[in-house]
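Chains A and P are the protein sequences, given in the same order. Per the working numbering, residue 1 is the first one in the first sequence, and the count goes up by one each step. Per the working numbering, residue 1001 is the first one in the second sequence, and the count goes up by one each step.
These are calculated hints, taken from the structure and not from any lab test. Bear in mind the structure is a predicted one, so any value in this text is a computation, not a measurement. Positions of the beta carbon are idealized from the N, C-alpha and C atoms, including for glycine. Don't take each hint at face value.
[What the hints assert, rightly or not] Selected chain A positions facing chain P (in silico; Cβ < 7 Å): (1) Lys206; (2) Pro259; (3) Leu427; (4) Lys465; (5) Met493.
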Amino acid sequence: MKKHGLILLTLALGLSALFASVAFADEPVMGGVLRWHEINDPPKVDPAQVTDTTSSRVVYLMFDSLVENDADGKGVTPALAESWEGSDGGKVWTFHLRKGVHFHKETEGQPTANGGREVKAADWKYSFERLVYENSPRAYFLDMVKGYQDFISRDETGAKEWAGIKVVDDYTLQFELEYPFAPFVAVLAYNTFVVVPKEDAEKWGKEFNFHPVGTGPFCFDKWDHDQKLATKRNPDYWRKDDAGRQLPYLDGVEIVVIPDPTITYEEYKKGNIDCYRDIPDEFYEDVQANYKSVFQERPQLGTYYYGFNNEMGDFAGPEKLKLRQAFNYAVDRARISDLVLNGRFPAARGVLPPGFPGYNENLKGYEYNPEKAKELMKESGYPDGFEVELLVNNNPRHRAVGEAIQAQVAELGIKMSIKVLDWGVMLDLCDRGEVNLFRMGWVVDYADPDNFLYVLFHSSNKGAKGNYSRYSNPEFDKLVEQARVDTDYAKRMELYQKAEQILVDDAAWLFLFHYSNSLLYQPWVKNIHMPAFGDYTTPLYNVWVQK
Amino acid sequence: MLSYILRRLLYTIPVVWGVVTVVFILINVVPGDPARLMLGQRGDPATLAKIRSDMGLDLPIYQQYFNFLRDVAKGDLGKSYRSNEQVTTALLERFKATFRLALWAIILAALVGITAGVISAVKQYSAFDYSAMIIAISGVSAPVFWVGLLLLLAFAYNLNWIPGVGYGDGDWRYLILPVITLGVRPAALLARITRSCMLEVLSQDYVRTARAKGLAERVVVGRHAFRNALIPVITILGTQISDLLSGAVLTETIFAWPGIGRLEVEALINRDFPIMRGGIIFMALIFLVANLIVDLSYGFIDPRVRYD
């Protein structure tokens, strides 16, 4: 009996220890530095100048915006604005700011010029106006805010301020727009539209890029170019976890720069880096086989396409509609994705990615149908095929996809040659419309179909503003214009779906794939969740390391 | 001697001017607009015009050229279009890392290459000679990226003797593999050159005379033959030093070494004209200085060389 009692006691103790360890495993651990890999040095970390994903990664660590994209990319959630409302038919937007948010008190081991003071509405007005002063490449995203044109031409107009941005009181900020613009709040989640302290921004001027100060979970610490950029925990960060603990948990995040993908993968295996985003195709199978439990993958809100020049050249105009459609029927997207991309990129039937607002499950797209393609080619006057040159920018993945498509369309007699160009050259040619067929991709800037359909296809945006395929259709224009100003969400989505169907029927692009996001991390990295917006936007304020 | 140095330094002025001009022309004919690249995939024409104006790219080309010449003459290489960093600061910062790597690589190459070359020549057709020359031919032919990857896989990732890639905050262990990778080719080249020069010198009459005088072989080889064989070796060493100091893109990329080669390649991809121009001028200066040092060293090695 005594013996049984001892066994039971041991069992009970063992079980309670097991449960305790399970419970503790989910408990956040304070401290530790997370090493996040990037392939190149961030070119700019001043949010006013950021246009690339590496720099954006850093900006997300150190700065905050009024609103944030939600994890699934379906809308926005409050950040430094607690709430907001639209009035005057969507022409006025009022934001109620969170109280008790402070700028970084320390940077690079020194006190900041602002001293860690509280963020007020005037700081937001300053931050938005600074974008114009600094010629931010993204300031024009807000060109619908009243007074933008006057303010960017202030030398001629004498405008002293951006008239449409008003400080109502310390915690209320108001935007007045030139016209109702339904996606306005979604645009404000873009990582350029963050708050910066005037004292530090003016102290450093153009050098603010090397001494950034914000309100984010991590403060800037040290930047060894082409090696690493180190950040430290912001002890006054405004966020707390559900149990009331101060965030972030980590002592800091280091952006580690390693240019070679093979070496990066080896460094990951050795445990020298904690997070490796955008896993290259060549390691995908190995990752799936060996690291599945620490690998996240999900569709990204973006589309990979080949643009036809709809305005001039071999594919232009309604008379070449059948030819563009033939091309769309001639490509077996699923097979190419399987063969070349490890099946990671889902086939695109249209423009909007699955899960994105306005995505149409019933969109009538193009399926692989070589017979139909042949028939359409015959009808369009090319029964024996034709020759065409595809331009792609220099990237192994783009070349591999191009070669696979080249082989598929060759079966229909289409001789497609591939010309590989530098990205800068490619952009120049696309801006000027001196292209017939070109590879391009689009990853969303803000969670609204406007960012795809208006930006990439409205006739006013031909060229550098996004419409590289130089598509123009008055009926389509009318629909997307209407959708921009309508405040009824359901009606807007309906308008976008109609517009997208027109685009697909017109075969404005060779619709190919939707992008996919991936993130590989170490087993000791806990509570990491990659959002649909992109691996580089993964929040790290609530991540901890448990070794 | 002093007048020779001054004359050589004066010659560098037209050379640098020539380099500056050629660089300016070449960079401006390369397609791809740096202002457009700064906008990212899309941007509005008004912002593009403002950025171009800020960069001075809206000025007529001759005016851009004269402004550039004026700034270079003042020692101002401008600011990076991409990061806004001062070009001189960026180059000097990366040069520190490149210099550290190149210095050790060249010391390793000189020690291994010259020693192997001398022994091979003295013991011609011996097992050492054959082995050293096979290794040297492999060293000259082996691609740098292949050597680097192999070394990393073996010593950093399988045997775990080396912590990994990167600069390692100056930790010497991070230097070992990139130094070997970078040093293999110059060492092999030096071994082959030293061997052939030594063989030529060893067949000269004065070497036979020295041996006939009864001098020890060590003295014949070390004092009479080696010194005379050094001039072509020093010339090759000089060009190798210039090459290595200009940055080793592949080695720097594989080992994530923050050197000047990587900076220049990034600048080229992103059409960062000021960094591209500054980097090329900097490299030209390195070549000029290295050549001057090599030329001056001839006088110390061979007393017949005069600078008057």
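Hint-by-hint comparison with the structure:
1. Hint on Lys206(A) holds. Least Cβ distance to chain P is approximately 5 Å, under the 7 Å limit.
2. The interface hint given for Pro259(A) holds, since its Cβ lies 5 Å from the closest Cβ of chain P, which is under the 7 Å cut-off.
3. Using the Cβ-Cβ criterion of 7 Å, the hint placing Leu427(A) at the interface with chain P is satisfied: the shortest such distance is roughly 6 Å.
4. At about 6 Å, the closest approach between the beta carbon of Lys465(A) and any beta carbon in chain P falls short of 7 Å, and the interface hint on this residue holds.
5. This hint is violated: Met493(A) has a C-beta 24 Å from the nearest C-beta of chain P, more than the 7 Å allowed.
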